[in-house]
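Engineer: Going line by line, the protein sequences match chains Z and P. Read in order, the letters of the first sequence correspond to residues 1 to 452 in the working numbering. Read in order, the letters of the second sequence correspond to residues 1001 to 1227 in the working numbering.
There's no promise every hint is true.
[Said to hold, decoys possible] Facing chain Z, from chain P, some residues (calculated, C-beta under 8 angstroms):
1. Met1001
2. Asn1031
3. Leu1033
4. Gly1037
5. His1039
6. Asn1046
7. Lys1066
8. Pro1078
9. Gly1079
10. Tyr1098
11. Lys1123
12. Gly1124
13. Glu1192
14. Leu1194
15. Gln1203
16. Ile1221
[Claimed, not checked] DSS-like, lysine-lysine: derived pairs with alpha carbons at most 27 angstroms apart:
17. P:Lys1010 / Z:Lys94
18. P:Lys1066 / Z:Lys93
19. Z:Lys94 / P:Lys1066
20. P:Lys1181 / P:Lys1205
21. P:Lys1215 / Z:Lys307
22. Z:Lys198 / P:Lys1205
23. Z:Lys198 / P:Lys1215
24. Z:Lys94 / Z:Lys307
25. Z:Lys307 / Z:Lys258
26. Z:Lys53 / Z:Lys250
These aren't lab readings, by the way, just hints derived from the structure by calculation. Treat the numbers as computed from the prediction; the structure is a model and nothing was measured. Every residue gets a Cβ at the ideal spot worked out from N, C-alpha and C, and that includes glycine.
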Amino acid sequence: MTQQPKETPDGNPEAYREWLATRPSHTFPKSVLAEIYRAADDGLYEIRGFGAKRRITTFDDLLFLGASMSRYPLEGYRERCDTNVVIGTRFAKKPIELKIPITFAGMSFGALGTHAKEALGRAATELGTTTTTGDGGMTDEERRSSKTLVYQVLPSRYGLNPDDLRRCDAIEVVVGQGAKPGGGGMLLGQKINARVAKMRTLPEGIDQRSACRHPDWTGPDDLEIKINELREITDWEKPIYIKIGATRVKYDVQLAVKSGADAIVLDGMQGGTAATQDVFIEHVGIPTLPAVRIAVEALQEMDMHRKVQLIVSGGIRSGADVAKALALGADVCSIGTAALIALGCNKPMYLEDYHKLGTEPGSCHHCHTGRCPVGVTTQIPEYEQRLSADQGARWLRNYVTTMLLELQTIARACGKNHVHNLEPEDMVALTVEAAAMAGVPLAGTSWIPGRG
Amino acid sequence: MNEVDLATTKVHELNAALHGVTATAGERSWNVLNPRGHHSIAAGLNAPLSVLVKGHVGYYCGGMNKEADVTITGNAGPGVGENIMSGLIRVKGNASQYAGASGHGGTLVIEGDAASRCGISMKGVDIVVGGNVGHMSAFMAQAGNLIVCGDAGHHLGDSIYEAHLFVRGSIDSLGADCIEKELRSEHIDVLERLLQIAGIKAQAKDFRRYGSARKLYNFHIDHAHSY
Ligand code: SF4
Chain Z
1 MTQQPKETPD GNPEAYREWL ATRPSHTFPK SVLAEIYRAA DDGLYEIRGF GAKRRITTFD
61 DLLFLGASMS RYPLEGYRER CDTNVVIGTR FAKKPIELKI PITFAGMSFG ALGTHAKEAL
121 GRAATELGTT TTTGDGGMTD EERRSSKTLV YQVLPSRYGL NPDDLRRCDA IEVVVGQGAK
181 PGGGGMLLGQ KINARVAKMR TLPEGIDQRS ACRHPDWTGP DDLEIKINEL REITDWEKPI
241 YIKIGATRVK YDVQLAVKSG ADAIVLDGMQ GGTAATQDVF IEHVGIPTLP AVRIAVEALQ
301 EMDMHRKVQL IVSGGIRSGA DVAKALALGA DVCSIGTAAL IALGCNKPMY LEDYHKLGTE
361 PGSCHHCHTG RCPVGVTTQI PEYEQRLSAD QGARWLRNYV TTMLLELQTI ARACGKNHVH
421 NLEPEDMVAL TVEAAAMAGV PLAGTSWIPG RG
Chain P
1001 MNEVDLATTK VHELNAALHG VTATAGERSW NVLNPRGHHS IAAGLNAPLS VLVKGHVGYY
1061 CGGMNKEADV TITGNAGPGV GENIMSGLIR VKGNASQYAG ASGHGGTLVI EGDAASRCGI
1121 SMKGVDIVVG GNVGHMSAFM AQAGNLIVCG DAGHHLGDSI YEAHLFVRGS IDSLGADCIE
1181 KELRSEHIDV LERLLQIAGI KAQAKDFRRY GSARKLYNFH IDHAHSY
C-alpha cells in the first residue's frame, strides 16, 4: 500500500529540483491521505470482513527437507499415512474422533447464509470432521446437516440454549478471535433481518456490537469454574475447547490448560471475520506462524502437548500450510476464510454485483454488507440462491480432500506414517524472520535466531 | 422427597441425579443439605423439579435452568441463574455479581441485595430484587424486566436495548443511552404480576421506569463518546 518516495536523482540539478518539488511523503503517501479524507468525510472507521491483508511472515517462508539418505520416505500407494485425531481425551466422557486433521472454523448464521452453513455441515459429515456454530446460536438445519457439531459459547450469548449444549458434540468457549483479539463481533444493520434478529433477541436493523467479554466470568480462575458448570450441565460428556486470538500466547495457552480445557483453538491474526474494524484486523494480534510454536512450547512446558489438543486457525490455505502447522506441533488445523473461498468467495463471476459494492473479484472484503455477490455471506434470497448447498458441499469436499492428499504427500516424503509425526526438525526457514518465529534454522545454516 | 447431603455426595452426582428426572418419571422434590459454597449446584435442570438448597451456594447455582423451581435459603455466589431459560430461582439472601446474566426467560427472585452487573446481557428473564443492585446492572440488557425494590448503583442500564427496568429507590446514575420513561398501565400490570410471584409487598405505582433512548442503535460519529 505504502508508496516509496522516488529515489534521489544525483548529478542532474534539473531532475533534482523536480524531485524536490514532487516527491511524496513516506509518512503521508497517497493511500494514507485517502484514508484521512475518507475518515473526515464519513466520520467512521472502516468496518469490513475477511482477514488481515497486510504482508506478514507466513508458512510460505518454511520448507520441508524430505527424506533422502539418512531417513527413508514412504510409498504413496502402499504405505499408510494416518490422519486421524482424537479430541477431548483429558476430561470428556465422549471424546470426538476426526478422520482428518482439518476442521471448519466457527462462522455464524447471520454472517453466513443458510446454504453456506448447510454446505459446511454436509461436507464436514462426508469428510469425517467437524463444523462449528458461531455468534447467534445453532440452527436446526445446521444440527441436521452436521454429524459432529461444535457449539460456540460466546460473550454475547446470543441464542445460547442448554438444549443446544446438550445436543452438540463439543463445546467451544470463545475468549477471543485472531481477527480481533480483545474485541466483540459486529453485525451491521443490513444483516440483522427478522430471523437473525429473533435468534439474537435484538431489534431488526440495528448495528449490533457483540460484547467483548463474557457476562458472567472474568479471568482464568472464573473461567475454570465456568467450564466446570458447562461440564455439569452436560454431565461431563463433551470435550470443551477454549478459543483464543493469538496475542500473549504462552500465558493464554497455559491459563487455558489450567482452566480445564480439553483442547485449545488458537486463531492467528490472519483469521477472518464477517465484520470488524479494519484497524483491529490489521493492527492487533500476532501471525499464526509464531503463535503455533509458542503454544506448543507452552504445552510442552506443562507436559500437556498432545494431552490438550491444539487446533490452529488463521490463514490456513493448503495441505502445505497444514503440514507446517502440524510439524510445529499442532494437532489440527481449522479453516474459515479458505472454506468460504472454496464456496466461491471472490470468484470472478457476477461482476456487476462486485462493482455495485465498489470492489472486484480478488479484492472483495464486503461480507459486512450482506450483499455477497456469490451467495456465501448473505441472507438475501436473490444472492443466496447463487450457491446451492449441494454444489457447495461438493466443492468443500474436493478442496479439503486435496489438502489432505497434499498433507500426506509431504508426510510420506518425510517418512512419517502419521501426519502427527512431522516435527520441526523436518523444516528449515527461507527468511531470518521465519526462522526466528518458527524456531527452525535458516536454510543452509544451523542458525536459529534468538537461540545463540 | 429426596434428600442429598453435599457433605457426603459430590456435586456432579447430585446434578446427574437431578438431570435423570424427566417430565414424566422420577422424584420431583429434592432437598440439598450442606451446599457450603459449592459451585454449579442444580445447574442445567431440565424438568419441573422443586429443589430446596439449604445454605449458601458458590458460582452458577441453577445455571441455564429450564422449568425447575430452585430455592436457595442462604446467599448465592456469582452468576446465580445465569442464562436461565424458564422456571423460577429464588435466593432468600443476597446474590453476588452477574445474577441472571444473559437469562433468556423464567424468573429470578433475589430477596436481599444483588451486587454489580445484575441482569447483564439479559434476554427475556424477569428479575425481581427485594433490596439494592450494584453498578452496571442491566448492562447491554436486551429483553425482559428488572425490578429493583431498593436503590440502583452507577450506570444502570448502560447500552441497553429493549429490556424494561423498574426502580423504586434512588439511582446513582444511568448508563449510556438509558433514560427514564413513562410508567404506563401495562407496566403497572407487569410490576404487579412479578411482585406477586416474588412475594414482595410493594406498590407498583412507587416505581419509576427506565429503558433505551435508542440513540446508539445505529452508529453515528457524534455519539462516539457514548460507546
Ligand atoms: S465474495 Fe462474499 S464472502 Fe467473499 S469477501 Fe466478498 S462478500 Fe465476503
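Engineer: Against the structure shown, which of the earlier numbered hints fail to hold, in ascending order?
Structural biologist: 1, 2, 3, 4, 13, 14, 15, 21 and 22
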